[in-house]
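Asker: Could you slot chains H, C and U onto chain G? The hints should help.
Below, each chain spelled out in residue letters.
Number of protein chains: 4
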Amino acid sequence: MCGGSVASEVYLCFIAYQASYTGSSSDEDEQSPREKSQKTSKGSTDFCVKNISQAAFGRREIEIAEQEMPGIIALRKRAMDDKPLKGAKIVGCTHINAQTAVLIETLVELGATVRWSACNIFSTQNEVAAALAEAGHPVFAWRGESEEDFWWCIDKCINAENWQPNMILDDGGDATHLMLKKYPAMFKMIKGICEESVTGVHRLYQLSKAGKLTVPAMNVNDSVTKTMFDNLYSCRESIIDSLKRATDVMFGGKQVVVCGYGEVGKGCCQALKGLGCTVYVTEIDPVCALQGCMDGFRVVKLSEVIRQVDILVTATGNKNVVTRDHMDKMKNGAIVCNMGHSNTEIDVNSLRTPDLTWEKVRSQVDHILWPDGKRIILLAEGRLVNLSCSSVPSFVVSITSCTQALALIELFNAPAGRYKSDVYLLPKKMDEYVASLHLPTFDAHLTELSDEQAKYMGLNKAGPFKPNYYRY
Amino acid sequence: MCGGSVASEVYLCFIAYQASYTGSSSDEDEQSPREKSQKTSKGSTDFCVKNISQAAFGRREIEIAEQEMPGIIALRKRAMDDKPLKGAKIVGCTHINAQTAVLIETLVELGATVRWSACNIFSTQNEVAAALAEAGHPVFAWRGESEEDFWWCIDKCINAENWQPNMILDDGGDATHLMLKKYPAMFKMIKGICEESVTGVHRLYQLSKAGKLTVPAMNVNDSVTKTMFDNLYSCRESIIDSLKRATDVMFGGKQVVVCGYGEVGKGCCQALKGLGCTVYVTEIDPVCALQGCMDGFRVVKLSEVIRQVDILVTATGNKNVVTRDHMDKMKNGAIVCNMGHSNTEIDVNSLRTPDLTWEKVRSQVDHILWPDGKRIILLAEGRLVNLSCSSVPSFVVSITSCTQALALIELFNAPAGRYKSDVYLLPKKMDEYVASLHLPTFDAHLTELSDEQAKYMGLNKAGPFKPNYYRY
Amino acid sequence: MCGGSVASEVYLCFIAYQASYTGSSSDEDEQSPREKSQKTSKGSTDFCVKNISQAAFGRREIEIAEQEMPGIIALRKRAMDDKPLKGAKIVGCTHINAQTAVLIETLVELGATVRWSACNIFSTQNEVAAALAEAGHPVFAWRGESEEDFWWCIDKCINAENWQPNMILDDGGDATHLMLKKYPAMFKMIKGICEESVTGVHRLYQLSKAGKLTVPAMNVNDSVTKTMFDNLYSCRESIIDSLKRATDVMFGGKQVVVCGYGEVGKGCCQALKGLGCTVYVTEIDPVCALQGCMDGFRVVKLSEVIRQVDILVTATGNKNVVTRDHMDKMKNGAIVCNMGHSNTEIDVNSLRTPDLTWEKVRSQVDHILWPDGKRIILLAEGRLVNLSCSSVPSFVVSITSCTQALALIELFNAPAGRYKSDVYLLPKKMDEYVASLHLPTFDAHLTELSDEQAKYMGLNKAGPFKPNYYRY
Amino acid sequence: MCGGSVASEVYLCFIAYQASYTGSSSDEDEQSPREKSQKTSKGSTDFCVKNISQAAFGRREIEIAEQEMPGIIALRKRAMDDKPLKGAKIVGCTHINAQTAVLIETLVELGATVRWSACNIFSTQNEVAAALAEAGHPVFAWRGESEEDFWWCIDKCINAENWQPNMILDDGGDATHLMLKKYPAMFKMIKGICEESVTGVHRLYQLSKAGKLTVPAMNVNDSVTKTMFDNLYSCRESIIDSLKRATDVMFGGKQVVVCGYGEVGKGCCQALKGLGCTVYVTEIDPVCALQGCMDGFRVVKLSEVIRQVDILVTATGNKNVVTRDHMDKMKNGAIVCNMGHSNTEIDVNSLRTPDLTWEKVRSQVDHILWPDGKRIILLAEGRLVNLSCSSVPSFVVSITSCTQALALIELFNAPAGRYKSDVYLLPKKMDEYVASLHLPTFDAHLTELSDEQAKYMGLNKAGPFKPNYYRY
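Residue numbers (the UniProt record's numbering), protein chains in the order written: chain G, 1 to 472; chain H, 1 to 472; chain C, 1 to 472; chain U, 1 to 472.
Hints are computed from structural coordinates only; laboratory data are not their basis. There may be inaccurate statements among the hints.
Computed footprint of chain G on chain U, listed as stretches where at least three residues anywhere in the stretch have a Cβ under 8 angstroms from a Cβ of chain G [stated by the list, open to error]:
id: 1; region: 273 to 285
id: 2; region: 288 to 296
id: 3; region: 300 to 309
id: 4; region: 314 to 326
id: 5; region: 435 to 442
id: 6; region: 452 to 465
All C-beta atoms, glycine included, are put in the ideal place defined by N, C-alpha and C.
In isolation and in its complexed conformation, chain G is listed as follows:
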């Protein structure tokens, strides 16, 4: 979700994880964890966390998260006897929180041994890290790591005694790159890499192009089921939630323009329409524009409606979609926010001029005042409002975690030759399996093909059920 270690997203992720974080003790202890001498109750010292004594509290957080992540727990139960990851030695580098802890412990239950570090210096839930360490998993992470701590932690996961890892689970590509640069021999022994972030995937494709990728890698970021939930279903709810929490705006009767009618834009439009907004759409792609028309939205250029809209939402992945010129024309009290990929969509810098006054009215909410008294409400300074002003539902994380676990299982168990040293999308059958793990949550019952029907359709009864180009 948070998209790796890119600088511009750090604060963002920090905020996001803060929001879903309740009951943390204050971090007033200023001693570096690296200087502390800590032990688990069983005597292990192979870890480095803020405070091992917080383990019980972290365990409770993990238990609550388990209840909200039905898919990954179902996977754990189904595969526990098979131990499909028996022999897997995984270097993990992800956010460390209650939800990823559920993933980590699932991997272990499926047979893997792991060493884990954080992909982000701010996002670690210290209690959870403590609970993982107490449970015997070598974890090296705490909130507020320095840059140097950050790389030291990853190094501790790669380079340890009696430890030759064979899998990498990465979120941003930092573990992958450290191993490749510093331990090239070790890297050659890796059976597969599973990468979750946009950034990390981008780096893998670059490695591949440059001929430097010597192991198979799985791009789980673009998996079908995961993508649907990350974009369409998640944003359909978080646009409403974010705007409400930040501004208490009433939606009924409001005019909204959504820039971009991709999956995120579609989710936003559907939710806003459902609550009585009049929604306009802008698009550069004629196919998406036609979809917007058929879904009942007026497709316009931003300049056509900018003077009349009450709310402006960007979801394009592009830059400078909303300019100072646009915002000069907006009406008093209008809200501007971004649901897209990065903080470039709204030209926020153009608002930092002497003639405009910024008033921070609450966390993530600035009022920008024009000389004539006009007030524009800018959310999260143009960063992703759904991460800044809302939280990612555990269910969405469960989908992602299952996808990661299955990617590891696939890469680890694939017969020689199935995957070469390239970047792959998750096989459709695995994508379908992720979905099937989450159906019981909805008490949904799949129909099974009869032999006769399977033959008629030319399908295997266990799937995959669709050609690769199927668009869902």
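Answerer: Showing chains H, C and U alone in chain G's frame:
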């Protein structure tokens, strides 16, 4: 909104006003306002608030509220020259916050003189009260009044030197009753009462039945436009907002049962369906049940679906709609909350037994644990979740305020004989006027009847446009 | 539905009943039924229909209609033993078709004796009339009556040997007025009148005002449940159906303006929005306009959008809402139709000028050609498109029939003094009963109040459940 | 749309084209067109149609179709000067009706010469064929061809004097196969084939696998924009339209099960939900099942709801999805219909047993009576109800026609080597172009990328805008 001074709602209102209250200084000053000697900058001492020096901050709150209450501001502008309340001397007793301050100052701009107290011991925004006092309005109110303070404040508004009030604006009926009991002669000089709460209206009808109501009273609680916004439009948004803020639940695919398909229930169902829930409805009234069917909801008895629903919402106004027996059958992780009139709908007391464990996980959210580990999530201990976990949009308050102001204008200016000593609903024309004041917010343009069309329809071009029994 | 005997609606009703009429034999027999000598199989001659030998075919039509009218059949079963109409002697004057036949035979099963004529010279289904006659009910009606035949038939129902009617079931007021004028003594013996049409109700209110109404009358036209189905629920479907059947238009992406946001307009807007149209609304009433805003529609003056809309629908009940000037501005290929009360909404006469060419492209569809080649598609020449180009679902008729039957039962059984010589709305309890009769169709299950709950709410467990002013 | 020349679809297409066919003269002339001697007004005899004298009437039909096909007309205008098909010699074999005539004449205006036959013995609109012939296009087609006539007509298009075709536009693959078998030398000169039907595409892939495809072929059947309209947008409207026209059913409150949640199923579900149905979904694919959940539908096995549903719709593409056993359990009055790919989904043959009685109540509507009196309403005998009981909107045909024309242009103008002897999907840029041609209909305005934005996104400003795997 908060429905007067009934004990069971006090805490509720406190919470609600807390939620929308930002930036208040800490109230650590323990000296009673009644013991303090304070003066406005112009030297007036005819007021009693927490701290007159907070006036500037309160003024800013009022100014922001003005921006979000377009209707009452439009009314102020349109009627400012006419001064339709010139000569009106109003005893006011309502919540005192930025939004009611806009109403109070509007009444003054329309020609009235006022004296104002709070209808609730917890709900006063001290800064706003200070700002009103500083502006020269005699206000007697602070947060955390004692019972004795409460009545003292109201008394100060009724009984003052050179003051014979002729109008009452009441929210709960306390000012009305104090004057009636203690100052019966003064009460006889009153031209009209405007009452906003369910409770206060109920008390007026009882007075009327008992033959003790000697002045005309306007029941603004049941005005058409106000009711639509208070119930349907407001709850359509607040059900989503409350559930998200309290639980971060993902709506897509969830099964929900809404008990009661009145205006509140209709709003809840529409919003939840719009976000991908499967919604069931329970009803006692066959007409509403049939509406539920035609709107696409399965109408069931609660027992039919109680085992399968993820979320249960009550909106009946009735008591014990959800019993311990129901909750015993609900599934692990299910959410229970109330959007109805009072805290009686869910039999919360039945959950206070030794076999169940309550865990408060955050403000307004309790987990109730069954012996077998089942966990039910109870919101706001069964009180109104939309007031407890969300906030009332200023736009809705603007509708209510306009309705109150117009009721006062109507009663004050009505020719002798139009109103007798009884309880009246707001004339339809006034209801239409409230609506028309809010149309510019939506850039909505009314069509005007031509003379020929008005004649054809048998209507006055200025309205009212519908017979009294019209159901909208 | 068809609204009585007003001239302008005659052709309309004719069309409507034509549309739902299948398999009729050709009416080539030119001899007047009045000149024919016919007998039922049991030897009765007390009837006058087109052709008694068509009875078997009519009986089959009635049987099919019974399957589609669950409510009236349920009423028949529930009340069959009680015979609540025992002793009732009813003069009926309504449309005569399979659906009204189900009503007529229900009244008889509940104990009434009846004599029946048609309220419209074109709408009689001859086979059904034959089946009713064959079953022993004195029916006087055929399709294509002359004006003189029309009154003769009604007269035969009022004035017969050994027949003193005590109830009237009227649709348009013609039976009522004939009896009042011609048989005033007989009229005084009437216990009650049940009137179904707008026109008939209007005539009753005029009689009442003039002091000439000497018996109680029930206005069933404005009953709550009936009105919902006639307007909101029926039109929500028939706007789609009518436009599709007449024009094969694709709705997705179309811009539509709906004039009038009453119940009919609300139904149209909801359906069109649901299929991907962008919908604009015009309104004269600020309350309805505000509803339009909150439901997500732009409220505009017609002139603002007339140049851009693809479809224009009127639903105002007013006249000249769409003028020649408007239509001059519409774009090529635009569709114009009326869902309102009468054919006055679109100024169709203004299109009958020499410069415009009318092309009838199919039944109910005219293309109007402007000199520059522009083509406007006018449906049903401005008459009600849902009656002209679609059909009224049996379920809606079932609601109306139940309402009529219950009105008769109430008037016939009411204790002396409950009803005076005035026009009444159906008691709410009866309205609720109509609704309850139709719930089993949807497998909907009502919740019953416990004694404790009923007491808490101050309600009778059997209803009525709402105050009279409740707006649903 | 009609999917080629497969026997089982012939009657179907016949019906479909009948439905949209108005004003045809009776075809009582029994002389075979092949025996007639006919001439155009300019003296040409190179054609064979039913009756050349009907040309004027056919021309009018074509002109009306042009108005409803904005995209193809826009293409005609934009490319008219370029003549991108100059030199193309096209053998066409498609349905021949007003809409395909617009395509044919567009190809000619873009520079092509053509010879055209029908892909179906029943679907030719004789007047339109006459109009095409009169305009100088060699057309060989009439309604009611014999099998032998059918192949004779195609042969006349392939094998003519001074005629070496270089392109084939096929719908079902018959022209392709005749040329391949009978004129293999000629086939080798072909530059490209454009195939529109499922069947024809399937045959091409088989040829390709068998190594017999010696020319490039374009599969336009699976083009993105076309598929969206053929399936999702078209079916969203036609399910409603078909059910209404066939049964006059009221949708509000009905329970419906839709088998299959692919594009067709999604369209059906969305429309039915929008009109107040409760919709259940069955699925075999967990990804689609999860989509169903998130869109608010209960995903069930058919057996779970079969006893309670009022309407059953199949949209799976599979066989025997609904069996006799299912239908034995359905309730009285339930409706069964098919929106899927073929007539195999409902096991209609299982209903042809002596214990069941079939009653044809109107065209395309059979009542099947069970011994106990239960009545199931079967539409179109299980064939595609949207083609049988509704019609394909011209707008959808416009999308398809544009796709075909652009496929021909692409194949004809592609530089050597771009396409090999294989089956290709339309390039995304062309798909986007089809969409862009239809945006003006909706008055939709695309946003253009700035140079800076295009660079940031790594896109060409003219598209394509998405990677090939993009799922829209």
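Asker: Compare the structure with each hint and give your call.
Answerer: To see whether the hints hold, each was checked on the structure:
Remark: the region 273 to 285 of chain U is confirmed as covered by chain G, as 4 of its residues place a Cβ nearer than 8 angstroms to a Cβ of that chain, reaching the required three. Coverage of the region 288 to 296 of chain U by chain G holds. Counting CB-CB distances below 8 angstroms, 7 residues qualify, and the rule asks for three or more. With 4 residues having a Cβ less than 8 angstroms from any Cβ of chain G, the region 300 to 309 of chain U passes the three-residue criterion, so the hint holds. Counting residues of the region 314 to 326 of chain U whose C-beta lies closer than 8 angstroms to any C-beta of chain G gives 5; at least three are required, and the coverage claim holds.
Residue count for the region 435 to 442 of chain U with a Cβ under 8 angstroms from a Cβ of chain G: 5. That meets the three needed, and the coverage hint holds. With 6 residues having a Cβ less than 8 angstroms from any Cβ of chain G, the region 452 to 465 of chain U passes the three-residue criterion, so the hint holds.
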